[in-house]
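Chain residues, written in single-letter form:
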Amino acid sequence: MDATKPVTIEASELEYDPYHEKTQLARYIKNYPRSFTRNPSQPLIERPLTLSELTGPLALDQRLGISAEDIARLTPDGTRAIGQYIEVTGRVVDEDGAPLAGSMIEIWQANSAGKYIHEMDRHEAPVDPNFAGVGRFVTDAEGRYKFRSIKPGAYPVTESTWWWRPPHIHFSIFGPSWMNRFITQIFFPGEPLNEVDLLLNAVQDPEARDRLIFETTPTVVGAVNFLTFRRDFVLRGKHRTPELD
Amino acid sequence: MSRTSLPTAPYCTIGPFFPGEFVTGCEDLTSFQGKRAQGQHILLTGRVVEEGNRPILNAIIEIWQPDANGVFRHPLDPRVQEADPGFFGWGRARTDVDGRYSFRTVMPGGTLVNSPVNSYSVEARCPHLNLMILAIGLTRRLVTTVFFGETPDFVRDPVLECVADPAARARMFARRENDRNVAADVPVYRYDIVTRGESETPFFLD
Chain A
356 MDATKPVTIE
366 ASELEYDPYH
376 EKTQLARYIK
386 NYPRSFTRNP
396 SQPLIERPLT
406 LSELTGPLAL
416 DQRLGISAED
426 IARLTPDGTR
436 AIGQYIEVTG
446 RVVDEDGAPL
456 AGSMIEIWQA
466 NSAGKYIHEM
476 DRHEAPVDPN
486 FAGVGRFVTD
496 AEGRYKFRSI
506 KPGAYPVTES
516 TWWWRPPHIH
526 FSIFGPSWMN
536 RFITQIFFPG
546 EPLNEVDLLL
556 NAVQDPEARD
566 RLIFETTPTV
576 VGAVNFLTFR
586 RDFVLRGKHR
596 TPELD
Chain B
608 MSRTSLPTAP
618 YCTIGPFFPG
628 EFVTGCEDLT
638 SFQGKRAQGQ
648 HILLTGRVVE
658 EGNRPILNAI
668 IEIWQPDANG
678 VFRHPLDPRV
688 QEADPGFFGW
698 GRARTDVDGR
708 YSFRTVMPGG
718 TLVNSPVNSY
728 SVEARCPHLN
738 LMILAIGLTR
748 RLVTTVFFGE
758 TPDFVRDPVL
768 ECVADPAARA
778 RMFARRENDR
788 NVAADVPVYR
798 YDIVTRGESE
808 TPFFLD
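Those protein sequences? They're chains A and B, same order as listed.
With the first sequence counted from 1, adding 355 to any position gets you our numbering.
With the second sequence counted from 1, adding 607 to any position gets you our numbering.
Bound-form chain A, shown alone (with noise of 0.2 Å):
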């Protein structure tokens, strides 16, 4: 979306489901301690919706650079990370279905080992030195966005006796409106570990779950080999993808 046009919208089409307890994710996690010392006591205050709220960052990328597509590896012709070669795919669109152009995505993941490059993961697993784990892509005038990586592993949580949190990697999302702000982690499916993930298995409604896990597309050997995944993100609305910070 052009950012220095103005365009007016009809209030029917910001109208939208309200939010639904069991189709996002709990707010209180029984063995999540922080989320008992953090989540406000009070509830939350519903508000007008004025331009402030109805408006929000858009065109960030005169603002914040874009990756390259490729981020399996450092430069183009640098070598690739270690780990199963992904693609990964999918549209954002709002709650009607229609594409969310111009939209920019950031994204971030473990390597292949379940480790980030960030100073807080002490996970004793090395660090992948062609494997950064960072990308910012935008997405096309259909509202699609592309990647390619290499599988995040799993990594534990150092403070529980027994918590691994399966492959996942983390999605932020601009849409149009501050409104659309949107974070979450996108899950890998068929991994035992997504079983027992407290932070997952906090979306009650299955079918909801199932918005937080990739769909696989059909396997295709040629000259360059992935696997790839495919997700979509409704940002607003009834069958909105639940958000996971």
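Treat the hints with care, as some may be off.
So the derived label-pair ranges between C-beta atoms look like this [said to hold, decoys possible]:
| hint | chain 1 | residue 1 | chain 2 | residue 2 | range |
| --- | --- | --- | --- | --- | --- |
| 1 | A | G452 | B | G627 | 34 to 42 Å |
| 2 | B | D792 | A | D416 | 27 to 35 Å |
| 3 | B | A771 | A | K593 | 27 to 35 Å |
| 4 | B | V630 | A | K593 | 29 to 37 Å |
| 5 | B | R661 | A | E562 | 31 to 39 Å |
| 6 | A | E570 | B | Q647 | 44 to 52 Å |
20 Å max Cα-Cα, derived DMTMM-like pairs, lysine to aspartate or glutamate [unchecked claim]:
| hint | chain 1 | residue 1 | chain 2 | residue 2 |
| --- | --- | --- | --- | --- |
| 7 | A | K501 | A | D552 |
| 8 | A | K385 | B | E658 |
| 9 | A | K385 | A | E497 |
| 10 | A | K506 | A | E562 |
| 11 | B | K642 | A | D416 |
| 12 | A | K506 | A | E442 |
I should point out that these hints are in silico values taken from the structure, not numbers from a laboratory.
Ideal Cβ positions, reconstructed from N, Cα and C, are used throughout, including at glycine.
Since the structure of chain A is already known, use the hints to place chain B on it.
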């Protein structure tokens, strides 16, 4: 950053391992595409704490605001063509071990022009900015509004008026720090955030 500077459990390991490079440079909103933002530049700073007044380390804070004349860089704003070419309006910061964040930005203007969008948004807004928090333990972002003004009791704003408790309303105002006590080249405004506990910050449903 040295690992020894970080506290031990329970602060480590659970996400978000939000990449540092996604934050670097985003704390300063006072220029855009090589142009300097118009209006009064300010430092907005404060601490983010949880229950028991304990600092939240590694929270990600984002803000969205109009320029010094109250114009949003967004096509829904009827004045978008007058938007300050030196101001983008979005920023991101991360809290340190004391729970402290800082932004360099401009004092937002009031949004005095009525929106043509719909019946929701017919009222003017007093100077404010939108703020969002992501942190470990919050499964969903928290959103609130930071107001600017010296006399909270007399400020009229349709969003502020949704907060019933006058004491809670007062907590939504950034407080001008005494210039003699702070070493900064621009006015400093302090806005502390209590995600849970006594003096809890009001948060909005969105």
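Hints and how they fare:
Hint check: G452 of chain A to G627 of chain B, Cβ distance near 36 Å, so the stated range 34 to 42 Å holds. Evaluation of the 27 to 35 Å hint for D792 of chain B and D416 of chain A yields a pass: the beta carbon distance comes to about 31 Å. Distance hint for A771 of chain B and K593 of chain A: a CB-CB separation of about 30 Å, consistent with the stated range 27 to 35 Å. Take V630 of chain B and K593 of chain A: their Cβ atoms lie about 34 Å apart, and the range 29 to 37 Å holds.
Checked against the hint of 31 to 39 Å, the pair R661 of chain B and E562 of chain A passes, with Cβ atoms roughly 37 Å apart. Between E570 of chain A and Q647 of chain B the C-beta distance comes to about 50 Å, which sits within the given range of 44 to 52 Å. Of the supplied pair hints, the one linking K501 of chain A and D552 of chain A is violated, its CA atoms being roughly 27 Å apart against a limit of 20 Å. Proximity of K385 of chain A to E658 of chain B is assessed by CA-CA distance (about 17 Å); at most 20 Å being required, the pair is judged to hold.
With a C-alpha separation of about 40 Å, the suggested pair K385 of chain A and E497 of chain A falls outside the 20 Å cut-off, and the hint is violated. Restraint check for K506 of chain A and E562 of chain A: not satisfied, since their Cα atoms lie roughly 24 Å apart, outside the 20 Å limit. Taking the CA atoms of K642 of chain B and D416 of chain A, the gap is about 17 Å. The hint holds against a cut of 20 Å. With a C-alpha separation of about 9 Å, the suggested pairing of K506 of chain A with E442 of chain A holds against the 20 Å cut-off.
The structure fails hints 7, 9, 10 (numbered hints given earlier, in ascending order).
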